[in-house]
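Protein chains: 2
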Amino acid sequence: MTKDLSTREIAESAKEAASVLAMLDEAEKNKLLLAISSELRLAQTEIEAANSLDLEAAKTSGLSDALIDRLDLSGKRFLSMCDAVLAVTKLPDPVGKEISKVERSDGLLLSKVRTPIGLIAIIYESRPNVTADAAVLCLKAGNCVILRGGKEAFRTNIAIGAAISKALNSCGLPESAVQVISNTDRETVKELAQLDGVVDLIIPRGGEQLIKAVVSMATVPVIKHYKGVCHVYVDKDADHSMAQSIIENGKCQRPGVCNAVETLLVHESIASEFLPELAIQLANKGVELRGCDRSHAICTEMKRATELDWETEYLDLILSVKIVDSLSDAISHINKYGSHHSDCIVTRDQSAAQKFLRAVDSAAVYHNASTRFTDGGEFGLGAEIGISTDKLHARGPMGLEELTTYKYLCFGSGQIRA
Amino acid sequence: MTKDLSTREIAESAKEAASVLAMLDEAEKNKLLLAISSELRLAQTEIEAANSLDLEAAKTSGLSDALIDRLDLSGKRFLSMCDAVLAVTKLPDPVGKEISKVERSDGLLLSKVRTPIGLIAIIYESRPNVTADAAVLCLKAGNCVILRGGKEAFRTNIAIGAAISKALNSCGLPESAVQVISNTDRETVKELAQLDGVVDLIIPRGGEQLIKAVVSMATVPVIKHYKGVCHVYVDKDADHSMAQSIIENGKCQRPGVCNAVETLLVHESIASEFLPELAIQLANKGVELRGCDRSHAICTEMKRATELDWETEYLDLILSVKIVDSLSDAISHINKYGSHHSDCIVTRDQSAAQKFLRAVDSAAVYHNASTRFTDGGEFGLGAEIGISTDKLHARGPMGLEELTTYKYLCFGSGQIRA
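These protein sequence lines are chains R and Z, in that order.
If you want our numbering, it's the 1-based position in the first sequence plus 387.
If you want our numbering, it's the 1-based position in the second sequence plus 387.
Next up, chain R with everything else stripped away, as it sits in the complex (with noise of 0.2 Å):
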């Protein structure tokens, strides 16, 4: 529907609805999620038709069954977008929230309140229930949207954008608040990324090819949506089945997710005690290890890791050991090779927990908890954009808060400087 205008007149035109949505109170833009919810529905055969053709495609050019599988939005699938359409409805409203006030002796009042941030530019990979998830996120925090999906998905993703257009419509609100880019090349994404004073911030999530290119050639704001290298330390005061249970969580639970866990790192006093048991639990679950020469040296079934295991993100079923001198290795460690996004600390020694707490730059740090609870919804944030990797703006769950602003406004009796 976008493609006969340039990328620059689609983004204007967005930036101008910005102005539109920016004013719409909470239920003006609940009635417009409803209204998205039932267009999607009534389109479901049109969408599932869409998802069809890209599966059918994504089959041809031979994906792998991960990246089919996330592609699929068929049945159930189809039926949780549109709950998820309409949960974003229950979220309150963060826009014109007052974040504090100063009243100053000579009357003048300063009130710090949430808005919009204006035009919000999306860079993500196939899965195309995010094209209706991002888009509502950002209607309810008063945004308007430019959605890139991966090219995989893009005749799905056309489809979904259309129902949104209609429920736009439907409401008396400009189709142009919400953009499905279809066209897919990488060009696109660098004249977006370049659109200072229209596009006001790009979030560019998946692959890290995708976000390094995004980020050298951005010069409007960038919020990255990293990898997940998260690491459970096990101290050498933990509770050794604790510790075994926070280990599998994180590392099975759901491995092709960003807060799994990619690394472990075990103090040196308690090693030959604690990895022969966890191998033997992990080899169960079916979970490869690749460890250091002293791992190694104390489970010879290891494979070895290299230097790059340290600092990749698995998202299947492979953990890489380490064993460290220290407390203080282990936050080395972490702040060197991870990536700043879910790392935890199993002990029972309090001062360990604190040092490690606040010492490990990490987006979620855990003390005797899993790395798998850092997401939106289990962080009370209800839906999530995704989770930051960056310190600036947004860390973690990204939620409606993070897709705002917030502004002073001063209300004054003829106030002047003196």
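By construction, these hints were calculated from the structure, which means they are not laboratory data.
Keep in mind that the hints are not guaranteed to be accurate.
Here are the simulated lysine-lysine pairs, DSSO-like style, with alpha carbons at most 30 Å apart [as the list claims (entries may be wrong)]:
hint: 1; chain 1: Z; residue 1: Lys742; chain 2: R; residue 2: Lys402
hint: 2; chain 1: Z; residue 1: Lys623; chain 2: Z; residue 2: Lys690
hint: 3; chain 1: Z; residue 1: Lys499; chain 2: R; residue 2: Lys499
hint: 4; chain 1: Z; residue 1: Lys499; chain 2: R; residue 2: Lys488
hint: 5; chain 1: Z; residue 1: Lys538; chain 2: Z; residue 2: Lys446
hint: 6; chain 1: Z; residue 1: Lys402; chain 2: R; residue 2: Lys723
hint: 7; chain 1: R; residue 1: Lys577; chain 2: Z; residue 2: Lys577
hint: 8; chain 1: R; residue 1: Lys614; chain 2: Z; residue 2: Lys723
hint: 9; chain 1: R; residue 1: Lys402; chain 2: R; residue 2: Lys477
hint: 10; chain 1: Z; residue 1: Lys723; chain 2: R; residue 2: Lys484
hint: 11; chain 1: R; residue 1: Lys723; chain 2: Z; residue 2: Lys484
hint: 12; chain 1: R; residue 1: Lys599; chain 2: R; residue 2: Lys446
hint: 13; chain 1: Z; residue 1: Lys614; chain 2: R; residue 2: Lys402
hint: 14; chain 1: R; residue 1: Lys614; chain 2: Z; residue 2: Lys499
hint: 15; chain 1: Z; residue 1: Lys614; chain 2: R; residue 2: Lys488
hint: 16; chain 1: Z; residue 1: Lys488; chain 2: R; residue 2: Lys723
hint: 17; chain 1: R; residue 1: Lys463; chain 2: R; residue 2: Lys538
hint: 18; chain 1: Z; residue 1: Lys477; chain 2: R; residue 2: Lys488
hint: 19; chain 1: R; residue 1: Lys499; chain 2: Z; residue 2: Lys623
From a predicted model like this one, the values you see are computed outputs, not experimental measurements.
Fit chain Z to the known structure of chain R by using the hints.
Chain Z only, in chain R's frame:
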């Protein structure tokens, strides 16, 4: 003092120091700030001598009087720089402050707390007091900092940096925590702006060209401190004498700063009554008016404004004047030509004020008060590193809190995800 190291080496040594600075408590940081203030006073002779050389060179090279004035750090100015350092000891330490807390039903406690950003690079103009101001603000927020000031001030900046190094050293802290870059070529800025994973944030302040250059080169996050094209809009229901007072204050009280007013918008229904009186008032203050065609028809002594005037930050006793047909036109003009800094409506009409406050996309939006209040001190933030004209992370005055990020500390007792 950093002459023999490459930019990357300088940054990496600062980044290493960041993990030390991040662990300091408030008392330790205040002790450091007191030491910096003392060392600056002890080095007054050296710093003033360096400043004299900078001033001499600036005069020889024909720098403008305004710029030479900004460069001058003698006498009272030197002492007020030292006082500003002391004042930061009085500001509350933002690090460790809890932003929010969630206790899940499974007992997992999630605490969102402020943490230092890490390593910040600041690129600024030739105002040497910024070297000390920015250093102590960054340090108080637990960050390390690389300071690259304008080349005209480099001798002064190096002398200030030497005093700060002594203070760090006397407190047993790494001198590399604060680095004054003596190399003021653009290549150095480019290198800094591309040190992903080392430099956590780059803040360019000053000229449009410099900021555009940094944005186009940067791969690390940038927060721009851009120009201030601030507006006063006099609505049809304005109190005229209040409007006159707010305009005069905004234009004349300190014309060379970013929160000064550059453009006046007047509702067409009051223009013929309001403008002539204002023109006399401002002429008495030495202000040159540059009007649109309709303004000029009312006040024929005005110069004519061109399209360029609407986006110009004069930083001088010049005011552009435009008559608009409606509140909406005023809002559109501001959002199109302004720099999203500070804008004001003067009106008795509450609903017009509400619409203006909501629709104007600027860091600070005023109803019946001077834009000159947009300032960290006036806003109650204490000192500021500058005024962000960006929307992400920090908007408007950037104080200590805006020099931090946050992380989630997750306290468990073995929780795993179901």
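Hint check:
1. Z/Lys742 with R/Lys402: Holds, at roughly 19 Å.
2. Z/Lys623 with Z/Lys690: 24 Å, holds
3. Z/Lys499 with R/Lys499: 20 Å, holds
4. Z/Lys499 with R/Lys488: The given pair, whose Cα atoms are some 21 Å apart, holds under the 30 Å limit.
5. Z/Lys538 with Z/Lys446: 14 Å, holds
6. Z/Lys402 with R/Lys723: 12 Å, holds
7. R/Lys577 with Z/Lys577: 20 Å, holds
8. R/Lys614 with Z/Lys723: Roughly 38 Å between the alpha carbons, so the hint for R/Lys614 and Z/Lys723 is violated.
9. R/Lys402 with R/Lys477: Holds: R/Lys402 and R/Lys477 sit about 26 Å apart, inside 30 Å.
10. Z/Lys723 with R/Lys484: Holds - the C-alpha atoms of R/Lys484 and Z/Lys723 are around 26 Å apart, at most 30 Å.
11. R/Lys723 with Z/Lys484: Holds: R/Lys723 and Z/Lys484 sit about 26 Å apart, inside 30 Å.
12. R/Lys599 with R/Lys446: Satisfied, since the Cα-Cα distance of roughly 28 Å is no more than 30 Å.
13. Z/Lys614 with R/Lys402: Given that 30 Å is the threshold and the Cα spacing comes to 22 Å, the pair holds.
14. R/Lys614 with Z/Lys499: Judged against 30 Å, a Cα distance of about 22 Å means the pair holds.
15. Z/Lys614 with R/Lys488: Between Z/Lys614 and R/Lys488 the Cα gap is close to 26 Å, so the pair holds against 30 Å.
16. Z/Lys488 with R/Lys723: It holds: about 28 Å lies between the C-alpha atoms, which stays within 30 Å.
17. R/Lys463 with R/Lys538: Given pair R/Lys463, R/Lys538 holds - Cα atoms ~23 Å apart, limit 30 Å.
18. Z/Lys477 with R/Lys488: Given pair Z/Lys477, R/Lys488 holds - Cα atoms ~21 Å apart, limit 30 Å.
19. R/Lys499 with Z/Lys623: Distance of about 27 Å is within 30 Å: holds.
Of the numbered hints listed earlier, the single one contradicted by the structure is hint 8.
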